[in-house]
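*Asks:* Heads up: the protein sequence lines correspond to chains A and B, in order.
Heads up: the first sequence runs through residues 1 to 226, numbered per the numbering used here.
Heads up: the second sequence runs through residues 1 to 316, numbered per the numbering used here.
Rather than coming from a laboratory, the hints here were simulated on the basis of the structure.
Treat each hint with caution, since some may be false.
[Claimed, not checked] DSSO-like cross-link-like pairs, simulated, lysine-lysine; straight-line CA separation at most 27 angstroms:
| hint | chain 1 | residue 1 | chain 2 | residue 2 |
| --- | --- | --- | --- | --- |
| 1 | B | 41 | A | 96 |
| 2 | A | 96 | A | 142 |
| 3 | B | 195 | A | 142 |
Chain by chain, the residues:
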Amino acid sequence: MRGQVAVLIGPSGSGKSTFLRCINHLEKIDRGRLCIDGEFVGYREHGTVLYELHSKEIAQRRAQIGMVFQHFNLFPHMTALGNVVEAPIHVRGLSKEHAEEEGRALLAKVGLGDKADAYPRQLSGGQQQRVAIARALAMHPKLMLFDEPTSALDPELVGEVLGVMRQLAADGMTMICVTHELGFAREVADNVTFMDEGVVVESGTPAEVLGSPREKRTQSFLSKVL
Amino acid sequence: MTVADDRPVDKGGEIRVIPLRHYGRWLSVAVVLVLLASLVKSLITNPRYHWGIVWDFFTHKSILEGLARTLTLTVIAMTIAIFLGTILAVMRSSQNRFLSICAQGYIWFFRGTPLLVQLIFWFNLSALYPDLSFGIPFGPEFFTFNANRVITVYVAALLGLGLCESAYMCEIVRGGLNAVDPGQTQAAQALGMRKGLIFRRIVFPQAMRVIIPPTGNEVIGMLKTTALVSVIALPDLLYSAQLIYSQNFRTIPLLLVACIWYLIVTTILTIIQHFVERRFGRGTEIMSRKELRRKDSQAGNGPKAALLRGADDVGR
Numbered sequence: 001m002r003g004q005v006a007v008l009i010g011p012s013g014s015g016k017s018t019f020l021r022c023i024n025h026l027e028k029i030d031r032g033r034l035c036i037d038g039e040f041v042g043y044r045e046h047g048t049v050l051y052e053l054h055s056k057e058i059a060q061r062r063a064q065i066g067m068v069f070q071h072f073n074l075f076p077h078m079t080a081l082g083n084v085v086e087a088p089i090h091v092r093g094l095s096k097e098h099a100e101e102e103g104r105a106l107l108a109k110v111g112l113g114d115k116a117d118a119y120p121r122q123l124s125g126g127q128q129q130r131v132a133i134a135r136a137l138a139m140h141p142k143l144m145l146f147d148e149p150t151s152a153l154d155p156e157l158v159g160e161v162l163g164v165m166r167q168l169a170a171d172g173m174t175m176i177c178v179t180h181e182l183g184f185a186r187e188v189a190d191n192v193t194f195m196d197e198g199v200v201v202e203s204g205t206p207a208e209v210l211g212s213p214r215e216k217r218t219q220s221f222l223s224k225v226l
Numbered sequence: 001m002t003v004a005d006d007r008p009v010d011k012g013g014e015i016r017v018i019p020l021r022h023y024g025r026w027l028s029v030a031v032v033l034v035l036l037a038s039l040v041k042s043l044i045t046n047p048r049y050h051w052g053i054v055w056d057f058f059t060h061k062s063i064l065e066g067l068a069r070t071l072t073l074t075v076i077a078m079t080i081a082i083f084l085g086t087i088l089a090v091m092r093s094s095q096n097r098f099l100s101i102c103a104q105g106y107i108w109f110f111r112g113t114p115l116l117v118q119l120i121f122w123f124n125l126s127a128l129y130p131d132l133s134f135g136i137p138f139g140p141e142f143f144t145f146n147a148n149r150v151i152t153v154y155v156a157a158l159l160g161l162g163l164c165e166s167a168y169m170c171e172i173v174r175g176g177l178n179a180v181d182p183g184q185t186q187a188a189q190a191l192g193m194r195k196g197l198i199f200r201r202i203v204f205p206q207a208m209r210v211i212i213p214p215t216g217n218e219v220i221g222m223l224k225t226t227a228l229v230s231v232i233a234l235p236d237l238l239y240s241a242q243l244i245y246s247q248n249f250r251t252i253p254l255l256l257v258a259c260i261w262y263l264i265v266t267t268i269l270t271i272i273q274h275f276v277e278r279r280f281g282r283g284t285e286i287m288s289r290k291e292l293r294r295k296d297s298q299a300g301n302g303p304k305a306a307l308l309r310g311a312d313d314v315g316r
């Protein structure tokens, strides 16, 4: 739902990341329907048949969905600012000056205004992930996907990334997060979904799912994590 | 700390460290120095090198023409090879099986037959196809050439060298493309970038870092492989030297002329490679420490920067 934060939790291999990747068609869907604002991401519906879209149209739809990866996937041959302005210049067609102005503002927003000229390998994990968030935001997405954004970070650095995500949620960004940070889920999420072996086990408000889970599987998972 | 008292401490309060003495290394150095000295001595004192003749012919007109031909052949053949090799590498990695198998077949054929044979084959192409025509098989032909006129010695040499080299370049480029983390493509896709753009802006610049060193090897190899074109009577650097010594019988001095030129060009190519590597090493360890530190001071000091400086201090 627009402006809401949905959190996906569950053991590894339960299909959380796969689901996230389906949303922007990095993974193909075998069955079922997946729509954003009433539109399929990778397909066009015609009668009862789904036609796979041309890569150009898929790219256009992906551009509206921001994604943040577990391993940051920053472009190592570009500076932090270069990473942020790359897609705005070449996909949205902004001028270099305009994109850099926006890019610097975004880097400042994630608290890295002074790191614009640093290369990714000169940044800590938490800083890299914040650049990755700024890079995704630079496309003005209507939805942000977070694929375990803090799993590859030192415990000390988790906080700074979650802080940025909290800020985003407060600003009204629509977000879907796969995470193991249950504290974050409890605090920020509007909806928590527990998945196991590729299926949704239960879904509801954080208080329902994390506080008093109905399903046995959820209970046993939570008892091990907490 | 209590143990500090019985440490070997000199008067200044600093610990003296005596490095391990490498006697074996010193002996090896001595042996190599003796060998080098005798080599240099013989180069200078042996009159049969005829250094005078070497310098006389060093800038001889036909040698310089041969050098120019060798350089042009190298540049054009490598350009063909890099261009075609990149296309082949993309075909080879294509999800379309037919394209992939075609590229594999090409590599199989051109790596599997001797370059010498390929050169002679291209030179004699007109024996197989007196007329070359461009059109649809079994359908209309758009235009026709006389093979003898189109496939000159020069074209035959370029075809032979370029097509064969592209098979090797394909594998080098493919290795480079494979070395780029698939996460890079996914991140670019997620930003809405399209295939061509991702290749040009994200994958290729990173692959270049892996592609350049072996490509530098291939360019230097090509420089000398061009000498094979003498079999189709194209006077490159070596063949020009051979043509001269077949008349004046100064074999060794003229071979030296050719070798010195080859060495000079190789040196220049090595320097160029160094700069190209630096250009594509942005953001990686190839970038010199100094540059990284300059970037650090611009960007403020991160923990990584401190680490790098620490490592540098240890090195000193």
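*Asks:* Go through the numbered hints given earlier and state which of them the structure violates, listing their numbers in rising order.
*Replies:* 1
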